[in-house]
Amino acid sequence: MRVAEVVGRVLYGHGARYVFGVVGSGNFHVTNALVAAGARFVAAAHEGGAASMADGYARTSATVGLLSVHQGPGVTNALTGLTEAAKSRTPMVVLAPEATAPRSNFFIDLPALAASVGADFHRVRATHVAEDASAAYRAAARGATVVLGLPLEVQSAVTEPWSGPVPAAAPTPATAPQVEPLLAALQAARRPVFIAGRGARAAGEPLTRLADACGALLAVSAAAKGLFAGNPWNIDVAGGFATPLAAELIGSADLVVAWGSTLNMWTTRHGELIPPSAVVVQVDHDPSAFGVNRPVDLTVAGDVTAVAEAVLARLGAGSAGSVDAGTSGWRTPELAQRIRDHGRWRTVPYRDESGSAWAGAPTTIDPRTLSAALDDLLPPDRTVVVDSGNFMGYPSMWLDVPDVAGFCFTQAFQSVGLGLASALGAAVARPDRLTVAAVGDGGFVMSATELVTAVRLALPLLVVIYDDAAYGAEVHHFGPDGYPLETVTFPETDLAAIARGYGCDGLTVRTVDDLGPVSHWLAGPRTRPLVVDAKVSAARGSWWLEEAFRGH
1 MRVAEVVGRV
11 LYGHGARYVF
21 GVVGSGNFHV
31 TNALVAAGAR
41 FVAAAHEGGA
51 ASMADGYART
61 SATVGLLSVH
71 QGPGVTNALT
81 GLTEAAKSRT
91 PMVVLAPEAT
101 APRSNFFIDL
111 PALAASVGAD
121 FHRVRATHVA
131 EDASAAYRAA
141 ARGATVVLGL
151 PLEVQSAVTE
161 PWSGPVPAAA
171 PTPATAPQVE
181 PLLAALQAAR
191 RPVFIAGRGA
201 RAAGEPLTRL
211 ADACGALLAV
221 SAAAKGLFAG
231 NPWNIDVAGG
241 FATPLAAELI
251 GSADLVVAWG
261 STLNMWTTRH
271 GELIPPSAVV
281 VQVDHDPSAF
291 GVNRPVDLTV
301 AGDVTAVAEA
311 VLARLGAGSA
321 GSVDAGTSGW
331 RTPELAQRIR
341 DHGRWRTVPY
351 RDESGSAWAG
361 APTTIDPRTL
371 SAALDDLLPP
381 DRTVVVDSGN
391 FMGYPSMWLD
401 VPDVAGFCFT
411 QAFQSVGLGL
421 ASALGAAVAR
431 PDRLTVAAVG
441 DGGFVMSATE
451 LVTAVRLALP
461 LLVVIYDDAA
471 YGAEVHHFGP
481 DGYPLETVTF
491 PETDLAAIAR
501 GYGCDGLTVR
511 TVDDLGPVSH
521 WLAGPRTRPL
531 VVDAKVSAAR
541 GSWWLEEAFR
551 GH
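Going by the UniProt record's numbering, the first residue of the sequence shown is number 1, and it counts up by one from there.
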């Protein structure tokens with residue numbers, strides 16, 4: 001049996017069921033081995049798109065994503081999506097063929113490349129194929145993006161036939177987290193707030209129970225939006241996306257517990273959101289994350305779920321460990337009503353800026369008005385995937401999601417152009433839901449080639465382009481200071497026509513009334529993607545971007 005075939009069988013044995021990529025000679029055999037074992041191969045138009053698809057799939061399915069690329073340029077083409085995944089700690093394995101001869105035109109220093117973007121690196125050896133492939137998969141499952149080097153000469157080597165079982169992982173010793181200081185902080189607090197981040201996406205249930213036990217309010221970083229959806233004490237996203245009410249409440253907290261969140265500048269509004277008087281606790285499985293973005297008063301190393309369960313167990317051990325939720329200053333009927341009335345951006349009044357962007361210009365629609373109208377139209381069972389750009393706060397905060405799996409936020413590397421392909425991966429993971437890709441016009445043009453893949457897959461996909469005919473972030477960053485903007489503004493383009501050329505349905509929207517065809521599409525079979533080119537007003541920058549710029 002060839003080494004490449006063993007790698008495919010081992011990865012399938014660990015649970016890999018989808019592999020995204022572009023096939024060349026270097027990854028031909030390992031990809032076919034996965035398919036022969038039972039996995040489905042999703043062919044992308046470009047390796048960059050394939051990387052984002054694997055990323056979106058992994059985030060939405062909460063399983064390991066698999067990316068298969070050719071040696072050399074196949075790897076480098078995928079690099080931006082790979083970097084986003086690594087910085088997001090997405091569980092993903094990159095099958096990376098290696099030309100190991102330094103004078104080969106395909107040679108790149110794979111270990112150095114992986115290290116430079118924060119990914120782990122493993123390499124398959126001919127004598128330890130199953131062990132090496134298993135180690136890579138397990139490392140990914142623990143929360144890492146892993147580049148698995150597959151030297152060409154090793155892939156083609158013949159090794160002993162392998163049919164399982166998958167080598168068992170060494171048991172991890174069970175150690176009780178040291179939670180007494182955290183318990184004491186919860187006992188002393190009257191206005192506790194939990195902020196759950198990316199590392200807490202699997203811990204919604206125990207965190208909710210713990211918050212109930214100590215009277216805490218529940219907030220999230222943008223990467224964990226949806227984790228507490230439907231909870232009456234959920235104040236939604238902290239940081240630049242925070243509603244005025246959420247900012248007020250977090251600013252009044254006497255205890256902030258960050259669960260799987262590093263409290264970066266976006267989550268804390270450049271450090272200004274959390275009051276100086278508050279006790280700040282950070283819980284993370286990775287001790288190297290402690291205090292990386294701001295000072296913290298207390299750290300607890302351990303898996304977020306395990307720590308929350310340990311505190312709950314301590315609370316149940318007797319009166320000495322109890323927290324009286326009734327002493328909390330938060331959970332009153334009056335505050336519950338305020339959260340219902342003002343806890344979503346849709347409840348915050350604004351002046352509708354729909355209309356002409358300038359004298360004689362075609363009509364445009366306010367992105368808030370557009371997003372609210374779409375939120376009313378779309379089914380509740382949805383996955384919202386958001387690209388980067390000036391527009392991104394509107395779909396992130398105006399489109400509700402049913403749970404944490406319903407929101408995919410590709411912002412760790414802040415690269416424009418990853419959202420569309422990430423949405424395709426999310427749609428593969430959850431074909432039972434409508435997938436909504438929210439992108440800017442710049443990001444759409446960068447990634448439009450993957451509409452070919454969207455048409456092939458025939459999955460329910462709605463692409464909404466917030467089209468301001470510009471790189472809006474740069475316009476609103478540099479424009480107020482009088483800099484020339486010709487390099488970041490563009491003529492109006494019929495993006496709906498471009499989408500139709502790829503085989504999608506296309507629609508141009510300038511007013512709420514133009515959204516009527518969306519309802520017809522939603523009622524139909526939805527086997528062709530619908531691309532909505534929404535010509536949005538761009539008179540001023542988004543509120544969150546103004547907040548971000550104040551920090552520079």
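Check each hint, because a few of them may be wrong.
Only pairs whose alpha carbons sit at most 20 Å apart, straight line, appear in this in silico SDA-like list of lysine to any residue [unchecked claim]:
hint	residue 1	residue 2
1	LYS87	THR363
2	LYS87	THR76
3	LYS87	ASP303
4	LYS87	ALA139
5	LYS87	ARG346
6	LYS87	THR63
7	LYS87	PHE290
8	LYS87	ARG138
9	LYS87	GLY291
10	LYS87	ALA202
It is worth saying that the hints were derived from the structure and are not from the lab. Since we're looking at a predicted model, the values are computed, not measured.
We went through each hint and held it up to the structure:
1. A distance of roughly 39 Å separates the Cα atoms of LYS87 and THR363; the hinted pair therefore is violated under the 20 Å criterion.
2. Taking the CA atoms of LYS87 and THR76, the gap is about 17 Å. The hint holds against a cut of 20 Å.
3. Of the supplied pair hints, the one linking LYS87 and ASP303 holds, its CA atoms being roughly 19 Å apart against a limit of 20 Å.
4. Note on LYS87 and ALA139: the hinted pairing holds, with a Cα-Cα distance of about 15 Å set against a maximum of 20 Å.
5. Distance hint between LYS87 and ARG346 is unfulfilled; the C-alpha atoms sit about 31 Å from each other, more than 20 Å.
6. For a cut-off of 20 Å, the pair hint linking LYS87 to THR63 stands: about 17 Å separates their Cα positions.
7. Proposed proximity of LYS87 and PHE290 is supported: the alpha carbons are some 16 Å apart, at most 20 Å.
8. Simply put, LYS87 and ARG138 have alpha-carbon atoms about 18 Å apart, close enough for the 20 Å limit, and the pair holds.
9. For the hint pairing LYS87 with GLY291, the CA-to-CA distance comes to about 17 Å; that is within 20 Å, so the pair holds.
10. Between the alpha carbons of LYS87 and ALA202 the distance comes to roughly 18 Å, so the proposed pair stays at or under 20 Å and holds.
The structure is inconsistent with the numbered hints 1 and 5, although it conforms to all the rest.
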